[in-house]
Amino acid sequence: MCTGLENFAQDSCILRRSGLFGVMDRTPVTILTGFLGAGKTTLLNRILTEEHGLRVAVIENEFGEIGIDHDLVINADEEIFEMNNGCVCCTVRGDLIRILGNLMKRREKFDHILIETTGLADPGPVVQTFFADDEMRERLFVNAVVTLVDARHILLHLDDSDEAREQIAFADVILLNKCDLVGADDLARLEARIRRMNALAKIHRTTNAGIEIPKVLEVGGFNLDHAMEVDPHFLDGHHHHHHADNVTSVGIEADGDCDGQALNEWLSTTVREQGADIFRMKGVFALKDRPDRIIFQGVHMIMNAANGGPWGARPRRNRLVFIGRNLDRAALNAGFRACLEQPA
Amino acid sequence: MNQLGSTRADDNVAHLAWNGDLLAATPVTGDILVLDIATRDVGSRPGHGLGNGDSAWFGGQLATCGFDGRIRLAGREIHAGRGMIERVKASPEGGFLAAGQAKSLLVFDRDGRPARGLGGLPCAVADFAWGPGNPDDSPRVALVGAGGARMWRLGDAEPFARFDWGGASLRAEWSPCGRWLATADQTPSVHIYDFTKNNPLHIQGFEAKVRAMAFSADGSRLATGGAPVVTVWPCTGPNGPDGATPLQLDGHDADVSAAAFSPANGKLATGDATGVVLIFTFKGERVLRKRLRLDAGISSLAWHASRDWLGVGMDEGTAAVLSLES
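As they're listed, the protein sequences go chains A and B.
The first sequence stops at residue 344 when you use our numbering, and every number in between is there.
The second sequence stops at residue 1326 when you use our numbering, and every number in between is there.
These are computed hints drawn from the structure, not numbers from a lab.
It is possible that part of the hints are untrue.
Label-pair ranges, simulated between beta-carbon atoms [stated by the list, open to error]:
| # | chain 1 | residue 1 | chain 2 | residue 2 | range |
| --- | --- | --- | --- | --- | --- |
| 1 | B | Ala1208 | A | Arg272 | 20 to 30 Å |
| 2 | B | Arg1162 | A | Arg337 | 48 to 58 Å |
| 3 | A | Asp159 | B | Asp1164 | 34 to 44 Å |
| 4 | B | Pro1246 | A | Ile213 | 44 to 54 Å |
| 5 | B | Pro1246 | A | Ala334 | 51 to 61 Å |
| 6 | A | Glu135 | B | Asp1156 | 27 to 37 Å |
| 7 | B | Asp1164 | A | Glu135 | 18 to 28 Å |
| 8 | B | Gly1005 | A | Asp25 | 31 to 41 Å |
Source: prediction; values computed, not measured.
Ideal Cβ positions, reconstructed from N, Cα and C, are used throughout, including at glycine.
Start from the sequences, fold in the hints, and give me the full structure.
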């Protein structure tokens, strides 16, 4: 397990470990996921052909739906490297490590790298490659996971496909594509269901993957500065669940200061015991005797935290979101609230 | 030290290969250069799009490959597939050329025709190494990737040996004596397999991922580098490196990026990202060290087969030949 949160009281150490700072020196990577036929290739073609001022290299799965013949496309075979006896947070993509290792040797660097996964891929190992491998972490950073959802057909997969649910759960941006093929009411219900699964993602409704390219490439979903751009409605606790998905978001909001040591221990225990089922985490914390915000995020068992600057005029309000499978909302709430300093 | 010549490639010179007095310098992108001893280009080859793989001499001709999924031999395309190809290697006796592409090992004969390749492998070929030549036996090749190493005789339906472990290996070197297979792994570790014992040795504790690895020509030493310290493992005696104390050679200012033993005189050359090249000469228990500082980070090293000449590739695109003859 790699928590990265050994001690909130020594967050300078965490800053060094976080791998999320100094991003100006590193090349951003966008991970493009989505089920077969969701429109990934259409979006890729647009990114490769439209004028957006960025030199983008694309790593495409060798067995993609339709191969793209373009001189900036590299074909690869998705290859999972399990490390440390199958520890889920140490599972990485070997093909990416080798391709990107070569690309990073170039004198003429790319402005952006886009990785397309197969429709059946688990985004976890792709994301973790950029946290678990030292060379990848030093030279690249994950900008965002972008998931295309076929608005007309996704309901055929959501109930019985772990991959479809995980692709939604991991996303920073969701393109609800092929909206022209779905009625307004059905679309609203689908969007609400997706929102319950992933409270953190930006959702865009599109047809033919038609979206301004910066909304895909300039997201900063893994940037801690954006760690808690959550729909305020999501955290207000008034949700009406019409469908019981096993992938859900759990939001926690509480005023007051946390005991740093207790918070660290609770988070470490939580990811150690439930990390395989936790896809994404983001949070902002107020710690006792600390004037600044502590912001954090995580993927499975990997967590990063950093000083988020002064609270300023904002209330010292802790906000935390888990996205995962079979999450125990009550237990997570109780666990977090036990970390709050009790009033004297 | 005397520089015999230097020239510029289009990009970081990631690989060097000698053939007599010709030196092939393969940059990560752009044309692949064929240089004479004064580093004059005597026949460059076109590159492979977004990335070149390591080149190899095969039957006196240069074989090249790359991210475009193609293999060219003597300027002729002998393979075109979709998946990237990271390197081609010729078998020690010179009869076969091989390349890993996804879950296949492509094998070609001297005429560039497909010959006894391996397909449908359980995992992608991260790297492979030919076993030393044996005229009485089928050519042997070790494939590494997720899950460890598999050793095959060309044409067989099953591997003749396998070394499994719970991680993944990225690079492979088979000792010229045939006894040892060494792998550099995804984690900061090395596996050394003793074929005489079927006994894998997992060496951990490296400061960084091992990026450079080379056997001496007689197989008695294995050099590994990743961190600034070069480690040389003794590969002699009944146990080889198992239980032995390796040599820890310092002098680098940054992580070691390349290592090569001279087939002519056993010297070890290592290079780092700051441009430091160390030349180690082994004299009994003593190790003599010569330190050179070049103008750019070292990305590849290759010794001439019979002369005390060292090819040096640099990360800003320079390919140079240094003479260490007195």
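Each hint tested on the structure:
Separation of B:Ala1208 from A:Arg272 is about 27 Å and conforms to the stated range, judged on CB atoms against 20 to 30 Å. For the pair B:Arg1162 and A:Arg337, the beta carbons lie near 52 Å from each other, so the given range of 48 to 58 Å is met. For the pair A:Asp159 and B:Asp1164, the supplied restraint of 34 to 44 Å holds, since their beta-carbon distance comes to about 37 Å. The hinted range of 44 to 54 Å is satisfied by B:Pro1246 and A:Ile213, whose Cβ atoms lie roughly 52 Å apart.
The beta-carbon spacing between B:Pro1246 and A:Ala334, approximately 53 Å, falls within the hinted interval of 51 to 61 Å. Checked against the hint of 27 to 37 Å, the pair A:Glu135 and B:Asp1156 passes, with Cβ atoms roughly 36 Å apart. Separated by about 25 Å at the C-beta atoms, B:Asp1164 and A:Glu135 satisfy the suggested range of 18 to 28 Å. The hinted window of 31 to 41 Å between B:Gly1005 and A:Asp25 holds, with their beta carbons roughly 35 Å apart.
This entry satisfies every hint, going by the numbered hints stated previously.
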